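**Q** Given only the sequences and the hints, what does the whole structure look like? Please build it.
Chains as they are written, first to last, in the numbering used here: chain A, 42 to 408; chain B, 42 to 408.
Just so you know, the hints here were simulated from the structure itself, not pulled from any lab data. Check the hints yourself; a few may be wrong.
If several chains are the same, the list does not tell them apart, and a pair holds so long as it fits within one copy or across any two.
Stated by the list, open to error - Heads up, simulated EDC-like pairs for lysine to aspartate or glutamate below, C-alpha to C-alpha not over 20 Å straight-line: (1) LYS367 / GLU93; (2) LYS367 / ASP350; (3) LYS201 / GLU353; (4) LYS201 / GLU234; (5) LYS374 / GLU397; (6) LYS374 / ASP350; (7) LYS367 / ASP103.
Small disclaimer: the values here were computed from a predicted structure and weren't measured.
2 protein chains.
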Amino acid sequence: MRVGILGGGQLARMLALAGYPLGLDFTVLEPAQDACAGPLTQHLRAEYTDAEALQALAGEADCITYEFENVPAESVTRLDRQVHVYPPPHALAAARDRFLEKTLFNQLEIETAPFADVQDLDSLRAAVEQVGLPAVLKTRTLGYDGKGQAVIREEGELEKAWESIGAVPAILEGFVEFEREVSLVSVRSREGEVAFYPLARNHHSEGILRRSLSLDGDPAQQLAEQYAQRMLERLDYVGVLAIEFFQIGHHLLANEMAPRVHNSGHWTIEGAVTSQFENHLRAILGLPLGDTSSTGHAAMVNLIGELPDTRELLRLPGAHLHLYGKAPRAGRKIGHVTLVEEDRRILQVKLQRLEELVHGRGGESRS
Amino acid sequence: MRVGILGGGQLARMLALAGYPLGLDFTVLEPAQDACAGPLTQHLRAEYTDAEALQALAGEADCITYEFENVPAESVTRLDRQVHVYPPPHALAAARDRFLEKTLFNQLEIETAPFADVQDLDSLRAAVEQVGLPAVLKTRTLGYDGKGQAVIREEGELEKAWESIGAVPAILEGFVEFEREVSLVSVRSREGEVAFYPLARNHHSEGILRRSLSLDGDPAQQLAEQYAQRMLERLDYVGVLAIEFFQIGHHLLANEMAPRVHNSGHWTIEGAVTSQFENHLRAILGLPLGDTSSTGHAAMVNLIGELPDTRELLRLPGAHLHLYGKAPRAGRKIGHVTLVEEDRRILQVKLQRLEELVHGRGGESRS
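**A** This is how it looks when you write it as structure tokens:
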């Protein structure tokens with residue numbers, strides 16, 4: 042059985058690592074020569090819109106998935122005519138456009154921050170009237186890791202913000218003074234089986250995820266699962282779906298969803314009985330889902346921009362290093378490290394040491 | 042950093058799966074086109090004695106290891122002149138010849154069954170005088186999974202046994218009425234750091250390992266570690282070393298050692314904080330060793346000859362499937378399944394169910 046993946050980055054790499062033990066083989070379609078999934082898969086090197094490459098991929102793969110939501114819609118549609126593509130293309134369409142995504146959340150009675158559609162400067166002014174300030178202007182599509190976003194604090198900044206995101210269709214979102222950021226990784230199989238991982242508490246900085254902590258038995262788990270269940274059913278979803286929430290009191294405001302394995306679920310490789318990567322593959326192949334229970338309290342810290350002293354990281358007892366084989370570059374995710382401990386206090390002590398090693402000092406974004 | 046591996050079977054495959062997260066790349070030298078490590082490594086397809094292939098491997102690998110002890114000694118010697126080869130060639134030489142191996146055990150005051158060198162029919166007769174009957178005649182080199190062995194119960198069987206193993210240099214070993222078979226997986230790094238995994242209790246049938254159970258805090262652990270420590274130091278060893286013992290009362294009789302990752306250590310992938318595969322790589326690259334503590338009670342069951350219904354296996358909560366991508370064939374190891382549980386009684390219940398699924402019935406080789 043061969044799985045085709047659109048994109049050959051670290052998510053494809055970790056899907057392949059999880060999939061070989063299931064007896065699967067992998068082909069990635071990815072234009073970059075140094076694709077980090079390349080060394081451990083068949084690498085089809087072409088643009089995502091290349092007709093011959095798509096034909097080749099559809100011909101050799103039994104099932105196709107993708108590792109990023111900005112994959113061209115027409116490529117997915119073309120593939121879907123010939124071979125199973127999961128998550129389903131209509132879920133991708135809903136998730137890749139921030140306005141459609143938030144509209145769908147609200148239709149399903151899932152709370153969000155106030156938001157409004159922005160097509161030009163005039164509609165941006167109307168949106169500010171509706172949503173209020175401060176607010177965040179975000180491109181409807183193609184943004185990630187804080188790119189394609191501009192914070193607007195006062196009316197005089199409208200034009201500058203509009204230009205800074207490239208004057209493209211956008212969404213204005215009310216600024217949320219949240220208490221916590223949490224995310225739920227859920228999975229639904231071709232057979233309709235559904236499972237949820239424990240919530241993760243996430244810490245972002247400069248728009249990039251820095252750290253996730255697994256939350257076993259958290260009071261917000263039930264509401265998050267209800268919301269995810271609605272979305273999974275509405276979309277007749279297949280695969281892993283991650284939803285990020287802002288938490289204010291007992292309220293969860295859906296921020297965005299990702300129709301794929303997600304950075305805030307990387308802790309599941311060691312911290313859950315079955316990883317999100319294995320369960321995504323099980324789901325899209327119609328296999329029974331694996332146990333999503335946690336194996337302890339887990340913390341995941343991203344390695345961003347530059348590589349710390351890996352020898353020191355490996356010296357930390359129980360630290361699981363995951364390098365992606367990518368060249369270091371400012372703001373680039375090049376790996377992550379996971380800790381899993383039975384005792385949450387021991388986890389906190391080790392996490393502090395880990396973050397000192399990663400950031401070169403203690404406490405950059407600790408809570 | 043690129044690791045070269047002589048052999049491209051399941052051990053190479055699992056080394057690669059453990060090594061990519063450390064940021065490593067892999068080249069395997071393996072003559073078989075359908076080498077199961079092939080799809081996830083650079084596959085150098087040539088005989089192990091091919092001079093150009095060895096030259097190419099030495100040229101591109103920063104460090105070389107091997108996945109089986111019957112790799113030609115001259116190839117290892119040739120590689121060792123150009124690049125680090127671990128475990129060291131003299132350890133390979135000691136482990137690949139049953140007579141040298143057992144002699145070394147005894148030199149280190151590690152108990153073994155009685156044994157004698159056999160060069161021809163005359164020396165076989167002398168060996169029977171010395172060792173007694175019943176006894177097992179084994180080729181000095183190249184045997185594995187019960188191949189190259191013949192049990193001798195009475196004098197009249199000598200000639201037949203001698204012919205059946207191919208009339209090659211051999212060793213006669215006294216038959217041991219053991220109570221348990223256990224094995225210790227140990228690891229020593231280039232820096233001299235040493236670590237031991239919990240003992241595994243092994244169950245063989247027809248000379249092939251069927252099942253291993255991890256033994257946390259077993260009374261025999263200390264003696265096994267003492268024996269392994271002596272061997273690691275004597276050989277100035279680097280990498281994973283597995284030693285199989287027969288246990289009779291408080292005595293451990295060393296049966297054989299493997300200078301490589303070992304089937305009885307496969308449970309460490311999920312059942313220990315750091316797997317034997319990752320620790321072998323850390324050891325040969327001079328990195329700090331990872332924690333060898335167990336994460337629970339583990340059981341590993343080999344999939345031999347034919348593939349059971351994998352959908353049913355995956356339905357068993359907490360079952361970790363490991364397929365090697367090999368075509369089923371009688372007597373061939375094509376995968377394994379691991380269970381890890383906090384409660385040993387729950388493990389036993391699940392193991393029984395697992396073995397029913399694997400063997401098509403309950404209890405084939407249960408204890």
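**Q** Give a verdict on every hint.
**A** For each hint, the structure was consulted:
1. In this assembly of identical chains, the alpha carbons of LYS367 and GLU93 never lie at most 20 Å apart, being 28 Å within a copy and 31 Å across copies at closest.
2. When the C-alpha separation of LYS367 and ASP350 is checked against a cutoff of 20 Å, the pair qualifies only within one copy, where the shortest distance is 16 Å, while the shortest distance between copies is 38 Å.
3. Taking CA atoms no more than 20 Å apart as the test, LYS201 paired with GLU353 passes in neither setting, with 44 Å inside one copy and 59 Å between copies.
4. In this assembly of identical chains, LYS201 and GLU234 lie within 20 Å of each other by CA distance neither inside one copy nor across copies; the values are 47 Å within and 59 Å between.
5. For the identical chains of this complex, LYS374 and GLU397 are intra-copy neighbours only, at 18 Å inside a copy versus 45 Å across copies, given an alpha-carbon limit of 20 Å.
6. Taking the shortest Cα distances, LYS374 and ASP350 sit within 20 Å of each other inside one copy (16 Å), while across copies they are farther apart (39 Å).
7. Taking the closest pair of Cα atoms, LYS367 and ASP103 come within 20 Å of each other only across two copies (19 Å); inside a single copy the shortest separation is 28 Å, beyond that limit.
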